[in-house]
Amino acid sequence: MAMGLASGGGRRRRGRGSGRRPMSEINVTPLVDVMLVLLIIFMVTAPLLTAGVPINLPDSRASALPQEQQQVTISIDESGYVYIDDARVPVGGLPEALKNLPRTGEGPDITLRADRALDYGRVMAVMGELNRAGLNRISLVTNGGGVRAPVNNGSSQQE
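One gets this note's numbering by counting positions in the sequence shown from 1 and adding 88 to each.
Be aware that one or more of the hints could be misleading.
Distance ranges between label pairs, derived from CB positions [as the list claims (entries may be wrong)]:
no.: 1; residue 1: N188; residue 2: V132; range: 30 to 40 Å
no.: 2; residue 1: N115; residue 2: E166; range: 51 to 61 Å
no.: 3; residue 1: G209; residue 2: G181; range: 13 to 23 Å
SDA-like, lysine to any residue: derived pairs with alpha carbons at most 25 Å apart [said to hold, decoys possible]:
no.: 4; residue 1: K187; residue 2: D197
no.: 5; residue 1: K187; residue 2: L223
no.: 6; residue 1: K187; residue 2: D174
no.: 7; residue 1: K187; residue 2: M215
no.: 8; residue 1: K187; residue 2: P146
no.: 9; residue 1: K187; residue 2: L200
no.: 10; residue 1: K187; residue 2: L218
no.: 11; residue 1: K187; residue 2: A205
no.: 12; residue 1: K187; residue 2: R201
no.: 13; residue 1: K187; residue 2: Q159
no.: 14; residue 1: K187; residue 2: A213
Hints listed in this document are in silico derivations from the structure and should not be mistaken for laboratory results. Cβ atoms here follow ideal geometry from the backbone N, Cα and C, with glycine treated the same way.
From just these sequences and the hints, can you work out the full model?
Structure representation (structure tokens):
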């Protein structure tokens, strides 16, 4: 019996052979949490990155066009000031600014964003300058998504 006490019973061994195996499973819960937070951040900030000039766009039921690689955004704010991407164009300097746009192939595709409170003549004046500069691939940007804009305001019995 003394011999059994001295050896410690042989059941409890310490050190490397203690019976514990290294954990071979990866805990993915923190990774999923971080990815969901990043997804929410990108969903919130992505619409803010598309246009820097605040404009109240008109409504339309037209479907969205695919985004092109060579694209320039021209914005006209409520006061009538013109912006190329986010840079404000000086008054009377639109023809010169359009000449300086980089062109390859058919030229850049223009997306025109105009505030709904603007006079139709102001928008047409900018479109005329675009045409004069040889930029004929113009897309008009509106608020989409099933909002029904009135086609006429009582000028005719038909709609």
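Does the structure keep K187 and L218 at a Cα separation of 25 Å or less?
-> The hint holds at about 10 Å.
Between K187 and A213, is the straight-line Cα distance small enough, at 25 Å or below?
-> Holds, at about 16 Å.
Pair hint K187 and A205, alpha-carbon separation not exceeding 25 Å | It is violated: about 28 Å lies between the C-alpha atoms, which goes past 25 Å.
Pair hint outcome, K187 versus P146 [Cα-Cα no greater than 25 Å] | Roughly 29 Å between the alpha carbons, so the hint for K187 and P146 is violated.
Can the restraint linking K187 and Q159 be considered satisfied, given a maximum Cα separation of 25 Å?
-> holds, 15 Å
Compare the distance between the alpha carbons of K187 and D174 with 25 Å, and conclude whether the hinted pair is satisfied.
-> holds, 17 Å
Regarding N115 and E166, is the given constraint of 51 to 61 Å on their beta-carbon distance met?
-> holds, 53 Å
Does K187 pair with L223 here, judged by a C-alpha cut-off of 25 Å?
-> Status holds; Cα separation ~10 Å.
If you check the beta carbons of N188 and V132, does the distance land in 30 to 40 Å?
-> Check passed, 34 Å falls within 30 to 40 Å.
Within a Cα-Cα threshold of 25 Å, do K187 and M215 meet the stated pairing?
-> holds, 14 Å
K187 and L200: Cα distance at most 25 Å?
-> holds, 17 Å
With a cut-off of 25 Å on the C-alpha distance, tell me whether K187 and R201 pass.
-> Status holds; Cα separation ~20 Å.
Hints 8, 11, counting from the list given before, are not met by this structure.
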